[in-house]
Amino acid sequence: MVGGTLQCRASLSQRRHRQQNDSDMIPFLQMANANTTKIGCAYSECNSGRDGCDDSSSSIVLVCSYGTAHIQPNTPFYTEGRPCDTCNNTCAYRSLCNRTMSELECH
1 MVGGTLQCRA SLSQRRHRQQ NDSDMIPFLQ MANANTTKIG CAYSECNSGR DGCDDSSSSI
61 VLVCSYGTAH IQPNTPFYTE GRPCDTCNNT CAYRSLCNRT MSELECH
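For the sequence shown, our numbering begins at 1 and goes up steadily by one.
Hints are not guaranteed to be accurate.
[Unchecked claim] Cβ pair distances, simulated, as ranges: (1) M31 to R82: 17 to 25 angstroms; (2) S59 to N88: 41 to 49 angstroms; (3) N98 to P76: 43 to 51 angstroms; (4) C87 to S44: 32 to 40 angstroms; (5) C46 to N98: 32 to 40 angstroms; (6) N98 to T75: 25 to 33 angstroms; (7) D85 to V63: 27 to 35 angstroms; (8) M25 to G67: 12 to 20 angstroms; (9) T90 to H70: 19 to 27 angstroms; (10) C91 to S59: 37 to 45 angstroms; (11) M25 to N47: 25 to 33 angstroms; (12) F28 to S59: 14 to 22 angstroms.
[To be verified] With a straight-line Cα cutoff of 25 angstroms, these simulated SDA-like cross-link-like pairs (lysine to any residue) come out: (13) K38 to I60; (14) K38 to T75; (15) K38 to D24; (16) K38 to T86; (17) K38 to T68; (18) K38 to A92; (19) K38 to G81; (20) K38 to M25; (21) K38 to G67; (22) K38 to P76; (23) K38 to Y93; (24) K38 to S58; (25) K38 to N98; (26) K38 to S65; (27) K38 to C84; (28) K38 to N89; (29) K38 to A69; (30) K38 to F28; (31) K38 to C91; (32) K38 to L96; (33) K38 to N88; (34) K38 to D85; (35) K38 to R94; (36) K38 to S95; (37) K38 to C87; (38) K38 to P83; (39) K38 to H70; (40) K38 to N74.
Because the hints were derived from the structure by calculation, they are not lab data.
Heads up, the beta-carbon is just placed ideally off N, CA and C, and yes, glycines get one too.
Model the full structure from these sequences, guided by the hints.
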């Protein structure tokens, strides 16, 4: 998948547990991946009895769009190691690399 959109409906009473190599997880893993630098998300709530929902349901719709996918099936989405090991002395918040936009455009 190169680029893409994640669209899902979530219910607090419904949970699914998936395996790490499940290709349905690629959109989520794309968002969580450290190499993802371009992402935008929005959500909308549909309340029961309003907004076109029937009287018995409420739901949240989440949509995220992102740039080029760095995730492929059956590959890890993170690199094990100490926080900020690859940051070149630009560590922020004790565990995140603090890179400038010009550095990100080069990758």
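Ascending list of hint numbers which this structure does not respect: 3, 24
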